[in-house]
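As you go down the protein sequences, you meet chains X and P in turn. What the first sequence shows, in the working numbering, is residues 567 to 1100, in sequence order. What the second sequence shows, in the working numbering, is residues 567 to 1100, in sequence order.
Hints listed in this document are in silico derivations from the structure and should not be mistaken for laboratory results. Be aware that a few hints might be false.
It does not matter which identical chain is used: a pair holds within one copy or between any two.
As the list claims (entries may be wrong) - Below, a list of computed lysine to aspartate or glutamate pairs in the DMTMM-like style, where the Cα atoms sit at most 25 Å apart:
#1 Lys-1029 x Asp-741
#2 Lys-737 x Glu-664
#3 Lys-825 x Asp-906
#4 Lys-905 x Asp-1022
#5 Lys-737 x Glu-653
#6 Lys-1079 x Glu-904
#7 Lys-649 x Asp-720
#8 Lys-969 x Asp-756
#9 Lys-657 x Asp-741
Protein chains: 2
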Amino acid sequence: MRRFVIGSARNLIESSRQKYQFERSILSSPYRFLSSSPAADSPSSSSSSSSTMAHPVSLNTINPKVIECEYAVRGEIVTLAQKLQEEIQTKPDAHPFEEILYCNIGNPQSLGQQPITFFREVLALCDHPAILDKSETQGLFSADSIERAWQILDQIPGRATGAYSHSQGIKGLRDTIAAGIEARDGFPADPNDIFLTDGASPAVHMMMQLLIRSEKDGILCPIPQYPLYSASIALHGGTLVPYYLDEATGWGLEVSELKKQLETSRSKGITVRALVVINPGNPTGQVLAEENQKAIVEFCKQEGLVLLADEVYQENVYVPEKKFHSFKKVSRSMGYGEKDIALVSFQSVSKGYYGECGKRGGYMEVTGFGADVREQIYKVASVNLCSNISGQILASLVMSPPKVGDESYESYSAERDGILSSLARRAKTLEDAFSKLEGVTCNKAEGAMYLFPRIDLPEKAIKAAEAAKKAPDAYYCQRLLAATGIVFVPGSGFGQVPGTWHFRCTILPQEEKIPAIVTRLTDFHKSFMDEFRG
Amino acid sequence: MRRFVIGSARNLIESSRQKYQFERSILSSPYRFLSSSPAADSPSSSSSSSSTMAHPVSLNTINPKVIECEYAVRGEIVTLAQKLQEEIQTKPDAHPFEEILYCNIGNPQSLGQQPITFFREVLALCDHPAILDKSETQGLFSADSIERAWQILDQIPGRATGAYSHSQGIKGLRDTIAAGIEARDGFPADPNDIFLTDGASPAVHMMMQLLIRSEKDGILCPIPQYPLYSASIALHGGTLVPYYLDEATGWGLEVSELKKQLETSRSKGITVRALVVINPGNPTGQVLAEENQKAIVEFCKQEGLVLLADEVYQENVYVPEKKFHSFKKVSRSMGYGEKDIALVSFQSVSKGYYGECGKRGGYMEVTGFGADVREQIYKVASVNLCSNISGQILASLVMSPPKVGDESYESYSAERDGILSSLARRAKTLEDAFSKLEGVTCNKAEGAMYLFPRIDLPEKAIKAAEAAKKAPDAYYCQRLLAATGIVFVPGSGFGQVPGTWHFRCTILPQEEKIPAIVTRLTDFHKSFMDEFRG
Chain X
567 MRRFVIGSAR
577 NLIESSRQKY
587 QFERSILSSP
597 YRFLSSSPAA
607 DSPSSSSSSS
617 STMAHPVSLN
627 TINPKVIECE
637 YAVRGEIVTL
647 AQKLQEEIQT
657 KPDAHPFEEI
667 LYCNIGNPQS
677 LGQQPITFFR
687 EVLALCDHPA
697 ILDKSETQGL
707 FSADSIERAW
717 QILDQIPGRA
727 TGAYSHSQGI
737 KGLRDTIAAG
747 IEARDGFPAD
757 PNDIFLTDGA
767 SPAVHMMMQL
777 LIRSEKDGIL
787 CPIPQYPLYS
797 ASIALHGGTL
807 VPYYLDEATG
817 WGLEVSELKK
827 QLETSRSKGI
837 TVRALVVINP
847 GNPTGQVLAE
857 ENQKAIVEFC
867 KQEGLVLLAD
877 EVYQENVYVP
887 EKKFHSFKKV
897 SRSMGYGEKD
907 IALVSFQSVS
917 KGYYGECGKR
927 GGYMEVTGFG
937 ADVREQIYKV
947 ASVNLCSNIS
957 GQILASLVMS
967 PPKVGDESYE
977 SYSAERDGIL
987 SSLARRAKTL
997 EDAFSKLEGV
1007 TCNKAEGAMY
1017 LFPRIDLPEK
1027 AIKAAEAAKK
1037 APDAYYCQRL
1047 LAATGIVFVP
1057 GSGFGQVPGT
1067 WHFRCTILPQ
1077 EEKIPAIVTR
1087 LTDFHKSFMD
1097 EFRG
Chain P
567 MRRFVIGSAR
577 NLIESSRQKY
587 QFERSILSSP
597 YRFLSSSPAA
607 DSPSSSSSSS
617 STMAHPVSLN
627 TINPKVIECE
637 YAVRGEIVTL
647 AQKLQEEIQT
657 KPDAHPFEEI
667 LYCNIGNPQS
677 LGQQPITFFR
687 EVLALCDHPA
697 ILDKSETQGL
707 FSADSIERAW
717 QILDQIPGRA
727 TGAYSHSQGI
737 KGLRDTIAAG
747 IEARDGFPAD
757 PNDIFLTDGA
767 SPAVHMMMQL
777 LIRSEKDGIL
787 CPIPQYPLYS
797 ASIALHGGTL
807 VPYYLDEATG
817 WGLEVSELKK
827 QLETSRSKGI
837 TVRALVVINP
847 GNPTGQVLAE
857 ENQKAIVEFC
867 KQEGLVLLAD
877 EVYQENVYVP
887 EKKFHSFKKV
897 SRSMGYGEKD
907 IALVSFQSVS
917 KGYYGECGKR
927 GGYMEVTGFG
937 ADVREQIYKV
947 ASVNLCSNIS
957 GQILASLVMS
967 PPKVGDESYE
977 SYSAERDGIL
987 SSLARRAKTL
997 EDAFSKLEGV
1007 TCNKAEGAMY
1017 LFPRIDLPEK
1027 AIKAAEAAKK
1037 APDAYYCQRL
1047 LAATGIVFVP
1057 GSGFGQVPGT
1067 WHFRCTILPQ
1077 EEKIPAIVTR
1087 LTDFHKSFMD
1097 EFRG
């Protein structure tokens, strides 16, 4: 199995598989522990070379890139949580808690966040346009949602919401999105640059598929990173080139670190194709300063790297001193246009105040690529025909919500502000709680939906984890889950400086549940430290 | 650029690129003609080795598998059609026809097919559950759609239709689908075998990703085939091993041909992993007989091949003498279970009488894989989190439509039967029309949505095509489009016996437009043959 990890993460490569499983931090998740070696009782794991075997597929004969790929936020800890939840359902007193508190994934509506009414009204009307001119409809739906639904239907050829659309998405919706980007940035956006996708993940896969030719192609990714990136790079057979965010400066992104890692990887024969920047950060929650972004743009331009800007948390900024600036706006404000920098911005309907994860809507804005390469991206998009139309419609809505004067504006803005201000309060409460724990430090969540506290684990705890064949942070998270029902994701799923340990906690549980989480966590942590303090 | 094509298609591999472009039949589409060589005016096509270039991405530096991949049904001919359509919009008398007649793609609602009312009612209610208990709702929606929406919401944790679901799809919906499969087949189905996906295409990609390790892994595919398969195999770097359907016997699938191609490819060092069967056939429209299916199952079992059964047209059978049998039912009826054969069945909401292409719903039923490999499939699904919830709901609805006694049953069955009987009439009318054309023979469309007539082109037409650097069938289709506005896809996009020429025509244009299509086609064909008869 290939594994290329460059630069200061090099020490993660171990010849001993067991040690490797234990210590590796980049790309690691509990998944491999569950499943990467052929199960002894599998009828298909023996003799895979015979052509007449009944089970032609075993772990020995599937694509090793699939085995390589890992995705921690739905990994072992979540499987365990689901098992505990089933046990509680059957036997309510099976565990010392009455419910599982999922803090593992940015999935707001699963934790009770309500959808924005206006968005759902429009979606329902577009799903069943036959009711649009019925009188009862006016009693059930706002006037502007009815008007918007008509507008959207008129943008769809034949008003056919059940037809495959253009493979980049419905042109009228791309016009709306481009106008929304222009209004946000103050610079032009071209609807032909927009590719609507089933959430941001398929868009990221498309770009990785385009850029990665072999394991000699590298993608610069932040560490810690959102594991979609490591998973996608693994699936496409490329090399993740890590650059470390500086925890001491609030997860700062230093261009000197980018340069160092770029040079190291080049010296090893890796062709670095692109730089991934997640802003606001996942799992780290920082919001980049504009000056920092300018330096990043300059770096990409100078080094000929595609800038892959994950901007799905653009509406999630919680501190007055920070503001979201798109990389497109920053690069255009520097005077850089199409010919200067290749830039892809990813947006999703799953995050923001809308949190419509289940709708699988999103887009990428692709700029600075030649027409010939753009045609190749279009071709790959066309193989899957198009993204789902409801997701496309929703992507247009989040980029053009109700405006002052629209019937829905007041309720819409109240819903939006209620969600965002509550998220800010929850972030602060959890941050304060983490900071009070022995051996734990926690940077501020300036944005996004996560905290990524660092935990100094006692030597005895690390030994206990080793005995249990777990990474120390995974061990901590599993003990926490078993004791409290709280689900965090171990930092090893995102990558971290070797020898440091973290976990990711979303700020999404309902506000009234936060005090209970704090209490349970605090009690657990104290007893855990008492047990292992040595 | 790698290209492995085995067996009787070997003669397609040409050292001369121009000849190759002209003659190759497998995997070919007009795409490469448009875009596979670097455009001379592209700023990025020169000097891709410099690390400080402004445009880091050119056709020389992207993944060659992307360039390799082709998808004819949205290829050059469709791009041309869209251009003509725009010209007509600006200048209605720009061309000798007033509209483009799209017969290129199985996209029924784009051509005026109306959605099934019950399905859309349920989707709208699930999109905006807040209206479910309002009194006006009962005036707008059927009682059983309201009841079904409640049932579905109760299956979703927290009734959160905006949350990411389980990565295989919502468990309750999978229960419904499994029950639908059981009712269809008379054999048990396990909801844990169901993976809900954004249409069938991503499911096919997942299986190709799982099975293909390198170009030494082969996938047996019918020729002609639906170009998703060739595209997906190319993107995943595998080898398409063709087996030819026998046009003379109504596109018969002969196990002797499968054996021959398997042996030929094995002798060349290719490990054949799987057999793709499309039933009912796309683009060929045949419906397999049960005895034939049994022989195919036996072949896969004996040879240790995964059977990838594309069954998305299972509701589209138009002749009384044929009936759809799922491969799962056939294999279970032979006494073969989990341990005997690895079988994946693909289903979609895009086809059938529902034709809900834009909703991107579908599932695959995965049986006969070990738990360890299943876990890997789940992991890959989890990287994209989940498929869209509306598509998931719709997939459950098409597998459990209204039943006798339900309020909607009569209108539902009238809508369904109206669509299916009209499709059968259209298929027959078009088949008869094709059969009357000079030099054209056309097998019956027993099922699916397509006719794939064969055309004997005069030598002079073939020479004219060569001069225009087009495949002869592409040349015919472009001339047809320019003269009539009718869009067919050249057979070379699907593959055909070398030296034979075909085109694919959907049976989907509205019934009242079929006579005009027949007249225009007949007139064009006569003048084309007059021009080239020689």
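Going through the hints against the structure:
Proximity of Lys-1029 to Asp-741 under the C-alpha cut-off of 25 Å is found in neither arrangement, the shortest distances being 58 Å within a copy and 44 Å between copies. Only between protomers do Lys-737 and Glu-664 lie at most 25 Å apart by alpha-carbon distance; the minimum there is 22 Å, versus 49 Å within a single protomer. In this assembly of identical chains, Lys-825 and Asp-906 lie within 25 Å of each other by CA distance solely inside one copy; the values are 19 Å within and 55 Å between copies. For the homomeric pair Lys-905 and Asp-1022, neither the shortest alpha-carbon distance inside one copy (47 Å) nor that between copies (49 Å) is at most 25 Å.
When the C-alpha separation of Lys-737 and Glu-653 is checked against a cutoff of 25 Å, the pair qualifies only between copies, where the shortest distance is 17 Å, while the shortest distance within a copy is 49 Å. Within a single copy, Lys-1079 and Glu-904 get their C-alpha atoms no closer than 48 Å, and across copies no closer than 45 Å, so neither meets the 25 Å cut-off. Taking the closest pair of Cα atoms, Lys-649 and Asp-720 come within 25 Å of each other only across two copies (20 Å); inside a single copy the shortest separation is 48 Å, beyond that limit. Taking the shortest alpha-carbon separations for Lys-969 and Asp-756, only the intra-copy value of 22 Å comes in at or below 25 Å, while the best inter-copy value is 48 Å.
Taking CA atoms no more than 25 Å apart as the test, Lys-657 paired with Asp-741 passes between copies only; the shortest distance there is 23 Å, against 53 Å inside one copy.
Of the numbered hints stated above, those contradicted by the structure are hints 1, 4, 6, listed in ascending order.
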